[in-house]
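**Q** Chain order of the listed sequences is A and B.
So in my numbering, the last one in the first sequence is 217, and the numbering has no gaps at all.
So in my numbering, the last one in the second sequence is 421, and the numbering has no gaps at all.
For the record, the hints were derived by calculation from the structure and aren't laboratory data.
Keep in mind that the hints are not guaranteed to be accurate.
The calculated label-pair distances, taken between Cβ atoms and stated as ranges, are [to be verified]:
(1) Thr332(B) with Pro35(A): 58 to 64 Å
(2) Gly358(B) with Pro35(A): 52 to 58 Å
(3) Ser362(B) with Lys209(A): 43 to 49 Å
(4) Asp85(A) with Arg265(B): 44 to 50 Å
(5) Gly363(B) with Pro210(A): 47 to 53 Å
(6) Asp241(B) with Pro119(A): 53 to 59 Å
(7) Arg90(A) with Ile309(B): 50 to 56 Å
(8) Leu193(A) with Asp241(B): 35 to 41 Å
(9) Pro35(A) with Ser291(B): 46 to 52 Å
(10) Asp384(B) with Ala46(A): 32 to 38 Å
(11) Ala319(B) with Gln95(A): 36 to 42 Å
(12) Pro301(B) with Ala43(A): 28 to 34 Å
(13) Pro171(A) with Ala319(B): 30 to 36 Å
(14) Asp220(B) with Asn154(A): 39 to 45 Å
Backbone N, C-alpha and C fix where the C-beta goes; we use that ideal spot for every residue, glycine too.
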Amino acid sequence: MILYDYALSPDCYKIRLLAALTGAKLTLRAVDFHPGGEHRSPAFLAINPGGTIPVMQDGTLTLTDSAAILTFVAAKSGPAWLGDDSPEMRARVAQWLAFAQRLSASIGKARTHDMLQKPADIVACRKAGVQCLREIEAALVERHLTGDAFLAGNRPTLADIACFPHSMLAPDGGISVDPYPAIRLWTRSVRALPGFIEMPGIHRLHDLKPEPVGVPE
Amino acid sequence: MPDWTPVALLRDLPPLVVMPVTVDGVDLALWRSASGRIAAWADRCPHRGMRLSHGFVRGEALSCIYHGWSYAQSGQCQRIPAHPDLEPPEAIRVPVHHATEAGGVIWVALDTVTTAPPALAGVQPLRSVTLDARFDPASAGLTESGGAWRGTLGGVAVAVLVQPLPDNRCALHVLAESKASPTDLVAASRGIETLRRQAEGVSA
Ligand SMILES: N[C@@H](CCC(=O)N[C@@H](CS)C(=O)NCC(=O)O)C(=O)O
Ligand code: FES
């Protein structure tokens with residue numbers, strides 16, 4: 001499985017994260033998204049005419065959407081992540097995979113605006129991002145009230161992997177995550193999963209790391 | 218001004234968690250140690266000013282995310298990782314405020330306290346929400362009684378505690394009647410969302 005990847009992209013990170021959690025082997029092809037704009041190059045557009053990352057290639061299969069790529073990696077390497085315990089869980093996973101597109105279009109855009117100076121209607125992006133976080137918060141509260149700790153049910157699924165990165169990185173786009181206690185505890189649970197990997201701005205729980213020694217100041 | 222400000226539900230601050238809260242315009246790091254002790258500190262590391270609410274809890278101490286200086290329950294710096302053999306000077310100390318738990322709610326007081334926070338009976342914690350607007354309890358149909366605003370949300374009897382925030386924002390800490398079932402609580406949670414849309418003037 002070849003992943004066209006950019007280290008700072010939340011949509012690419014979610015694929016790397018799922019691969020790490022399921023033990024899937026990825027071959028990474030770094031795309032110089034910034035400053036190179038390689039995703040707009042003729043060679044890249046020949047692979048994904050939409051000009052977005054991530055992209056996955058496996059044999060003759062090309063996937064250009066992170067929800068589809070997550071589904072493929074899970075089906076191959078970790079079917080439990082598909083969330084097939086019940087019709088409700090499976091439908092919730094589908095719903096959150098679709099919802100994650102709204103996260104890319106709001107928080108994702110606010111972030112590339114603030115970090116990479118990409119043009120965007122920043123006020124509208126932040127407003128839509130806040131609305132997304134409020135919907136995740138409300139859903140997590142409802143899950144907790146019915147005894148579940150994760151977005152689609154009582155165990156982590158693709159729903160959590162799809163929505164976790166933008167929920168952590170919202171401050172990069174000027175969107176505060178302070179007002180969301182349920183999101184705070186949920187992101188801690190994801191960060192504590194065995195096999196969890198980091199990206200810039202998203203760290204494994206420090207309280208699980210060894211005591212630091214000789215940190216330079 | 219009342220002595221105590223409600224800042225969070227206890228359920229949202231399990232041991233080993235730190236979160237930012239604001240009381241009377243002052244930013245605080247609210248945290249809970251491994252043994253369950255609750256503390257509210259100035260949200261500023263004495264070393265270089267990093268927000269301590271970005272830090273992490275280890276055992277009974279809070280550590281700063283930046284260079285890892287760690288602070289004991291008294292606020293006193295107890296360890297500087299870059300100088301492991303140094304006993305940190307007494308002067309390196311985080312200002313500590315009053316924090317306590319009553320009825321599943323965490324209350325903070327910046328200065329001297331003369332009273333105890335209200336003990337709300339017959340209710341269970343539901344959730345905390347932040348409003349990007351001022352909140353007028355009376356126009357939401359709530360009436361004051363026993364230290365909280367009482368009324369119904371989604372058909373469920375609730376008690377609402379209001380925490381004023383800067384920039385005309387506020388947080389609401391909502392408790393629901395003890396006998397409410399999970400289904401009732403979901404309805405009450407949706408009622409809170411409706412109340413927020415009304416307070417923020419968002420048309421349905
Ligand atoms: N629908 C896509 C969206 C991914 C997306 O928006 N990726 C960003 C980078 S994180 C991108 O490629 N943006 C294109 C651009 O900014 O030109 C997916 O989920 O895979
Ligand atoms: S700023 Fe806190 S340890 Fe340096």
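**Q** Determine for every hint whether it applies to the structure shown.
**A** Hint by hint, here is what the structure shows:
| no. | hint | in the structure |
| --- | --- | --- |
| 1 | Thr332(B) with Pro35(A): 58 to 64 Å | 59 Å, holds |
| 2 | Gly358(B) with Pro35(A): 52 to 58 Å | 55 Å, holds |
| 3 | Ser362(B) with Lys209(A): 43 to 49 Å | 48 Å, holds |
| 4 | Asp85(A) with Arg265(B): 44 to 50 Å | 48 Å, holds |
| 5 | Gly363(B) with Pro210(A): 47 to 53 Å | 48 Å, holds |
| 6 | Asp241(B) with Pro119(A): 53 to 59 Å | 40 Å, violated |
| 7 | Arg90(A) with Ile309(B): 50 to 56 Å | 54 Å, holds |
| 8 | Leu193(A) with Asp241(B): 35 to 41 Å | 39 Å, holds |
| 9 | Pro35(A) with Ser291(B): 46 to 52 Å | 49 Å, holds |
| 10 | Asp384(B) with Ala46(A): 32 to 38 Å | 49 Å, violated |
| 11 | Ala319(B) with Gln95(A): 36 to 42 Å | 39 Å, holds |
| 12 | Pro301(B) with Ala43(A): 28 to 34 Å | 52 Å, violated |
| 13 | Pro171(A) with Ala319(B): 30 to 36 Å | 32 Å, holds |
| 14 | Asp220(B) with Asn154(A): 39 to 45 Å | 41 Å, holds |
In this structure, the hints that do not hold are numbers 6, 10, 12, in rising order.
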